[in-house]
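Enquirer: Listed here are the chains, written in short residue letters.
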Amino acid sequence: MPGFTFGENDSFAENWKAFMSAMDSVDPEMAAILRANEVMLAAIVREGRRNAQVRANFNAVVLKELDRLLAATPEGK
Amino acid sequence: MPRYFLTNIRVEGFRGINNEADPLELKFRPDTVNSIFAVNGIGKSSLFEALSFAIRGKIPKLEVLQAQERAADYYCNRFHSRGHAVIDLEFLPDDGAAAVSIRVERSRTGIRTVSSPSGYSDPNAFLADLDADFTLLDYKTFSRFIDDSPLERGRSFSALLGLSAYSDMRQSLEAALDTRSLNSDFEINVLNTSIAAAQQAAQQALVSIRTNYERVTGNALADVDKLDEYLQNVASALGSVPLLASHFKGKALADIDFEAVKKAIREAEGGEKRKELERVIESIGKLEAVGTVDGAAMQNEQIALSTLIDARDELLASTRGDLFQRLYEDADALVAKGEWTDTSTCPLCFSPLNTSIKAHIDSQLNQYRGVADKVAQIKEAWRAAQWVRRLALLEKTEGLTTDERERVSVRLSAQGASGSLTKEELTGATARLASLEAAATTRLQELNAQKARIEAELPQSLVQLTEQVEYGRQFKDCVAEYREKQKEEAAHRARRDIRERWRRFITSAASVFAEAEAALSKTKIGAIDSEYKSMFRQIMNVGDVVPDLRRVNDREDLHVELKDFHGQHQLSARALLSESYRNALAISVFLAAALKDSGAPRFVVLDDVTSSFDSGHQYAIMELIRQVQQPLNAQGLQFIILSHDGLLQKYFDRLDGTGNWRHHHLQGSPPMGAILSQTQGADRLKSTIDTLLNAGQVTQAEPLIRQYLEYKLQQVIRKVNVPVSIDFAMKDHSQMVQNCIDAITDAVDLHQKAGNLVLDAQQVKDLSTVHVPAIVSNWVSHYATGSTSSFSAPMLKSVIATVDNLAECFRFSYATGGNTTRRWYKSLSSRL
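Each protein sequence line maps, in turn, to chains A and B.
Under this note's numbering, the first residue of the first sequence is numbered 1, with each subsequent residue one higher.
Under this note's numbering, the first residue of the second sequence is numbered 1, with each subsequent residue one higher.
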């Protein structure tokens, strides 16, 4: 994904949306999981402080999503 | 979106501001610089903290207190009868709309409530929008900006540029891809172990498949991918025997009822020996299914585990137990927080140390960390060990062990998984494995001998058939086992692969985000580059020695460098520049960033930010602020400056009322009494003086009288535009009244000689022969020399009356519409 840039005059919300669109081209299914859990992702670090419990919760939710995606994927794909 | 100026603050019962039933109120103008002066201990810091609590919800100074210091008890004024703090703020939008008022309260029990008397729908969100990094600035903010590590500076700078959300998200993405956390949270190692175990079980099943296929068909199994074909071959081989044909006809091997087939053979020949032969062959098959393993590899695993246990025990012996570990961790926290600065003394017993306390704690904690590291390695070695699985398999194999409770693999699983396995337990387990291997060999030999004996006793014709049928059954079961294990392995592999796919994705996402964030940050730095450098030059009056901000490409680090330092290049600004230069840089950067910002706050509150500067540079900073104050600067901000600096106070006084400056002078007796703004509280000040003098409290009244005199005389100077000397604002308190009188009398004298003095003759006479001599003789001559013991209450009352009368000499009666009012002359030469 070379060359992706944030808009200087865009808000963070607008830039995050553009970033997620760019990530869709990397792996749309993984991007969908990230998009669905972006609030929890953002809470891992707040005002520069890292919260290990939120990080563990985020990974747990992602894990569930991955298992669900795997279960919905036809065998051999 | 409108931006907001801060136009009013009212505080009661907060920190040093008691003001019970009489809140301290300060009005700020959006179109002028607003300054507030107070000597130490008069509540200036409390005012800044009130703003911090209202806008940010916290007071940094209290946030860092220890729990036992009970920070929560120090928000509300401790002498306020209700212990209830109220902070009222008023904000004026720059789009001409109505002002927004916000009330922030803190109850005695520590509950914070936010409301909007003006009816703003979401006052909490309103305050959150005002919480920009530049809104409330103090000296610590600036010094931290310079003294932080490049990484911390980079992160705080991101916030300053409005990029804090980007910095936080960048860190969140980095945290989400952290290898150790991800391996642990996603159980990658567990999955790898499960895959290896399934592979091993499938290989063992394949060994039996090959053996049994060859025994039934006489052919080698060539291609493991053709198992369906081989299943059919086995069914065909057994179905070709006439006695068994009816059981196999038209059926796949998986559907064959082998018990019925065996019964048919038994019925054809009869006898218990046939049944015994079947049981022996079945047992042989089970033992053969266990297969053989690479003994050397397993031995290497055992040696490695033994070495790890030795290393762990050796490290453990050098530690001093759990209690000391907790002690060292607490001591480490104490030192890390900077609460113990004497590095050569033990904080526990105060005995002197040969090395630094930090080095000693690190050394001790490293031993505990070494133990934890070895324990983790033992756990991993146990989990991955082939010989452990082999031990568990043999202990479960029929004929080798009896009771599950006696199984070593079961008994030691908890110790192995927790890394607490002892050397003795390991030795016992390896010995147990060796004895089981030997027992398996012996048992197999016994069964083969038993089989040979039974075969010799039975008619040969059906012995081989019985064996063939049993081999066929085993072939069928092993194929099912092999396929099951392959399916298991595929399931584990799929789960691991999709997790690895997430790892690749989140790694890519973090990288893309970080690059974009770095580029945006560089752009933002570039946007303020010329502005902050210009400000820095203006403050410090320097040429080329201007620091550069350099953002590192792949990190958040922000370096402050000097491109050119008297011919030398790329040097550390932090190392070379003096404190005032460093602070000037920080002020320049923060102000430049604030001017670029387009968020909700359009005001900046500066609390004692000039402490490290001499008076000349203080003046330069104030001039800079005056130039970037709106509306002089159309895109500018509103500035509110708090200071306890006596020199700046004179400067503020000088500019007060000049059109682009508004000054407040706080006075009072916190934390028990009230704090007043002199500008608004002249009448209250005079009333307080009266009360004190009537009570004979001359000493307490003296400082208030001085303030009142200064206020009245400076009011005259402002109202009639009396010129003052350039150093007027820089002289000390004790001479201020004299300076004011000198300036006024010099100006009156000048205009009188020029023949354009507007004062009437009586006013001139009263001024020169009554009021000025009275003030000089009754106040200045005593106060300036410090000999105030001769003051008496009646005399001081006369001084107050005299200065009021002096001020009246510069006013005239103005009649309009039937009313007569007293007005100030426009100047000393002009009435209106």
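No lab work stands behind these hints, which were simulated from the structure alone.
Bear in mind the structure is a predicted one, so any value in this text is a computation, not a measurement.
Even glycine gets a Cβ: it sits at the ideal position worked out from N, Cα and C.
Misleading hints may appear alongside valid ones.
Said to hold, decoys possible - FRET-style restraints, in silico, Cβ to Cβ: (1) B/N8 to A/N9: 30 to 38 Å; (2) B/N192 to A/A71: 16 to 24 Å; (3) B/L571 to A/A52: 36 to 44 Å; (4) A/A52 to B/S578: 39 to 47 Å; (5) B/K58 to A/A52: 16 to 24 Å.
Said to hold, decoys possible - Some chain B residues near chain A, calculated using beta-carbon distances under 7 Å: (6) A494; (7) A516; (8) T523.
Enquirer: Where does the structure disagree with the numbered hints, that is, which hint numbers, in rising order?
Expert: none
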